[in-house]
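Visitor: Residue-level listing of the chains:
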Amino acid sequence: MNPQRSSARIRQVAGAAVVVAALMTTAACGGGGDKGKDGDKSGGKGAGFNAATGDKIANPSTKAGGTLKMISKQDLDSADPQRQYYGMAWDFSRFYSRQLVTYAAKPGNASSELVPDLAKANGKISNGGKTYTYELKDGIAWEDGTPITSKDIKYGISRIWAKEAITGGPTYLKQALDPKGEYQGPYKDKTSDGPKGIETPNDKTIVFNLATPNVDFEQMLAMPAGSPVKKEKDTGAKYQLKPFSSGPYKFESYAPKKSISLVRNDKWKKETDTVRAALPDKITVTINSNMEALDKLLIKGDYDVDMNGTGLTQSGRIEALKKHKDNVDNIQTSFTRYVDMTPVAPLNNVACRKAVVYATDFKSLQEVRGGEEAGGPLATTMLPTTIKGYDDYDPYGVKARGGKPDVAKAKEQLKACNQPDGFSTKISARSNNPGEKETAEALQQSLKAVGIKAEVEVIDGAESQSITGSPKVVKERKIGLIMTGWGPDFPTGQGFSQPLIDGRFIAPTGNYNGSETNDPAINKMFDDALKATDPDKAAEFYKQINHKTADIAAQMPFLYEKNFSWRSSRLTNVYSSTAYNGRYDYASLGVVK
Amino acid sequence: MTRGAPAATGPRTVLAYVIRRLFAVVMMLLVVTLTTFVIFFVLPKWAGQDPALLFVGKQTDAASIQGIREKLGLADPVLVQFWHFVQALFVGREYSSGTDVTQCAAPCFGYSFRTEQEVWPQLTDALPVTLSLAAGACLLWVVGGVAAGVVSALRRGTIWDRAAMSIALAGVSLPIYFTGLLSLAIFSFKLGWIEGEFASFSDDPAQWFQSLLLPWITLAFLYAAMYARLTRASMLEILGEDYIRTARAKGLTERVVISKHAMRSTWTPVLTLLGLDLGALLGGAILTESTYNLPGLGRLAVDAIAQKDLPVILGVTLIAAIFICVANLLVDMLYAVIDPRVRLG
Amino acid sequence: MTAPLHDTSPDADKAAPADVAADVAKKSVEGRSLRQIAWTRLKRDKLALAGGIVVVFLVLVALFAPLIVSLLGHPPDEFHQDKIDPLFGVAKGLDDSMFAGVSSDFLLGVEPGNGRDVFSRIVYGARISLLVAFLAAVVAVVLGTVLGIVAGYFGGWIDSVISRVMDMLLAFPQLLFIISLVSVLPGDLLGMTGSSVRIFILVMVIGFFGWPYIGRIVRGQTLSLREKEYVEAARSLGAGRAYILFKELLPNLVAPITVYTTLMIPTNILTEAALSFLNAGVKPPTASWGQMLSKAINTYESDPLFMIAPGLAIFITVLAFNLFGDGVRDALDPKGTR
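Chains A, B and C, in that order, give the protein sequences.
Position 504 of the first sequence, counting from 1, maps to 504 under the numbering used here, and the rest follow consecutively.
Position 241 of the second sequence, counting from 1, maps to 834 under the numbering used here, and the rest follow consecutively.
Position 169 of the third sequence, counting from 1, maps to 1107 under the numbering used here, and the rest follow consecutively.
Only chain A is shown next, with the shape it has when bound in the complex:
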């Protein structure tokens, strides 16, 4: 050992420090190389900020051609129409699957209207609301040119019953037509001719006989689950790798979790379809699970639109709003961000739940999620503003206080709940849901002020069905508060609220009624709403359900979610569709070549 060596090493460290310092300085003050290369590849300019929100259409056009390039952080949950449940998948499947009726190709709330698609007209309702009859259009064809028949529609719908292979999709149609589950599905039951509730007197007619009336039955038929499937082309669980097209595009290739490529289906005839514009010649989807990178590629102009449609990330938002505001839409979705209050003690006591509501700093939660614009306006009840039955009911005076907490009232409720010093509980948040963990931390922080100690438990999104979706696990893990969000399956009170608050929907797994509310009065109101003869009468019941839910503080809604969506300069015919939770109506999109 010698002093010389020691001093040599001092110089080494000094050197190391210089290397690092040099890197830092460059990071901090490096010349803004971005300047001057603003023009993206398309060369064009965006249609303007918010050009595709509300009732507006950005770049209306009927010009066909080009490739629509989509990108997404995740793949479709399935490409099989009977297995899809993600909103983006339903929007995307409009390219290759048609239903008897579907949502109108109109901007904003007008999109919620159901218009005939494969059928000549909307259903003829008879038998006290229990029978729906449809006549099919002429000239509708599969991608091999054979005509689409009523039997194909029946076969497609019957696949919903084959739950051993056709997993994942919604089962509303099964519930409406065969609530007892007598039919076994087309794979197990090869003898019978499908579920009893569906009749096909000829190739052009299909008749549905419901067990009990349901005012929203057509909404269920409009889901991709109501799509036809050609029996000879059905490959069971593997059908999702190459669905047989009934729409304007067909699958050219599909590499799950990587890419999708659709090309024109030349057997589809424009005159049989009043909904799909079918402008691009080709549609590609690239999956890239890195959301920040994804936003950069969008902004750079490599892609046109985010198929997932949940908006730009924080970093993407900053860059887009600062440099390319004309390519951005601030979209109001039909998503409500809320906290489920589970029956884990002491939250089984209504006063304790109310204490949580009063103690919550709604403003803080809103700001963590991006404030009024990037997060969304404050919510005081569960129903989104676009759904009939919504009103500005605010039993806890949240809006009147500007979203700020009312500590005095919270403490009062804590006393009423016999927990004057507060209590301990847990908040679950999903790791794959941007901002959910941060929101849970904000809630944790505001509850601390009244002595409620809440621990944040981050769970993997994929596990939510077996953790927060399982009342047993919720109880075991003592999760009192579930941070979550919900969008309607179809734009009515039934499609939004029933899975969340109807006690008969509580399930041992995959449960969405996280508060485990089973209130006979609420259940009855759902029954009455379904029997109503028109949607406006049903809405009156949904309004009462919505109020009642707020009164018992079963859930604590806090935001009606908004996001910033990117629309490339190449995109034409862009508008936000309420029927697809505020996403752009993909079937209408076109591109400048």
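It is worth saying that the hints were derived from the structure and are not from the lab.
Heads up, the beta-carbon is just placed ideally off N, CA and C, and yes, glycines get one too.
Incorrect hints may have been included.
What the hints assert, rightly or not - Not everything, but these chain C residues come out facing chain B in the computed CB check (under 7 Å):
| hint | residue |
| --- | --- |
| 1 | I1117 |
| 2 | F1215 |
| 3 | M1245 |
| 4 | G1249 |
Given the structure of chain A, go ahead and fit chains B and C onto it with the hints provided.
Guide: Below, chains B and C alone, put in the same frame as chain A:
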């Protein structure tokens, strides 16, 4: 691994040694796989969760769960499930739930029911990315690290020595997810020199090179440090040994002494480390691939863990363990070839 | 030479591995103990000392975090959303200067989104980082020493089993394995709740994968010591196995164990940070450097300081430990070269 006491060498002992080592490798892979299996199929159950739920999607009715259970054989005892998994690696497998049968050909690393995809092609798709990353970075760090180490040793105490060792010191102390972000902030965001996503070499060589350049450099920076220090240390040691002095005394030029004699012995520790590092890296450079958004095995694993795609996690873990074990084995073999002092025991 | 059964005099033979000791005995005519020599050497190594001082400083920071933060910052969990532009989610005014969020009130600026005091979180982050690294090193040293000695001393099948286990652990894809494990374990475990659960898991897992490194060295040293005269002598005097193992062998293993422990801590710090970066670290709202870096991915372009602060914290800490560890190794290295 086993570098036991010297023993007599002969073709027979070598063969016995190789067989013994291969057997150890197989045992090790079995244990790694079994442990992973236990983590994902037993622990969740113990915590009250049902692994079948991870495969069914949003609508979880009893029939779907039952279907998955039958297909995956989740009702069987864990060891039986494990045996089926191992068996499938060699002879393939058939997943059946009565009406629905799914074939998975050997080598069957499992099957994702969410995406209706075999795991093996997912692994083989990701492997070239990791290979590209590892090969490029390895080339850089070996060349850079060894050169820096040799220069430092020969020019001990000079400015070169200090500069090289300074960088080495910074290198070993900087986490890659920090240097990675820093490099992206500078070269991609501020200067705009590097942009775009990863492309495979066959699709677009220029983009392939561009997208890998930063990861190569940062990764090499991290590893080069260790190689430089190692090379310098062993070089210094060797230069002091008798046979080098003898070589010099014989009148050989310094160049010959260094390149023929000193370097040869320096390679031994370098190759040992290299084998181990490469083995670990090929199993997925998790942090590098996450930071730079490269679709290699590491990213595949991280995404699969987040999505609880159990068959993929199992597959990546097994592949990673195979790389590590094989690298270990190769290193030990090479050891014997390069350095005659080492005997197999 | 008499068997040093009575451990009273600072005899060089006992304080160091035997070959080292022999070496030293030849060189040090004054008969100083290796410990003394090492200390003299260490004192002369300015850089190792500097590293050591930084280490001590960091330990003090971690110990007195609450005091430091009460004097110079805000509680680490306190939100300051008035400092944040909600639309962009970062501190107001960052367009003009990357130091916009920095003030005498907030020495290192504020965290994006919620405006928490970055300085306070860095200070508290040191606690997690050091705690996990130290405890994991302790676990590794205890396991490694005990199993290494046992393997080396007893040999035979015991040695085979332990060596095989060590080989196996070294062949494990560790990071992959740890994030998998953390991702399936529930939030509460064995009656523990909150962040202590994750700290416990991190310590056990990092320590568990660390012991084979120590174990191998200890085993090797034990193998060579086993046949030494004084152990033989102790054995012939009828000393029990446990006595020989822990009274005779252990003291001679102190030097290599010390070196590897100091060099293991920076590795553990990096592992903890990496796990936190991959969201397998402590639970929110507990501050940790890796988690801060992970969050910085969203904002590093608009708020580089929030990435640089935790990154530098990790760098400085790891560098200090590496310097100190290098110094200790050199000081205990009998050859004095390298």
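Visitor: Please check whether M1245(C) passes as an interface residue: C-beta within 7 Å of a C-beta belonging to chain B.
Guide: 5 Å, holds
Visitor: Close enough to count: is the Cβ of F1215(C) nearer than 7 Å to one in chain B?
Guide: 5 Å, holds
Visitor: Any CB of chain B closer than 7 Å to the CB of I1117(C)?
Guide: Status holds, d = 6 Å.
Visitor: Have a go at the G1249(C) hint: is there a Cβ in chain B nearer than 7 Å to its own Cβ?
Guide: This interface hint holds because 4 Å falls under the 7 Å limit.
Of the numbered hints given earlier, the model fails none.
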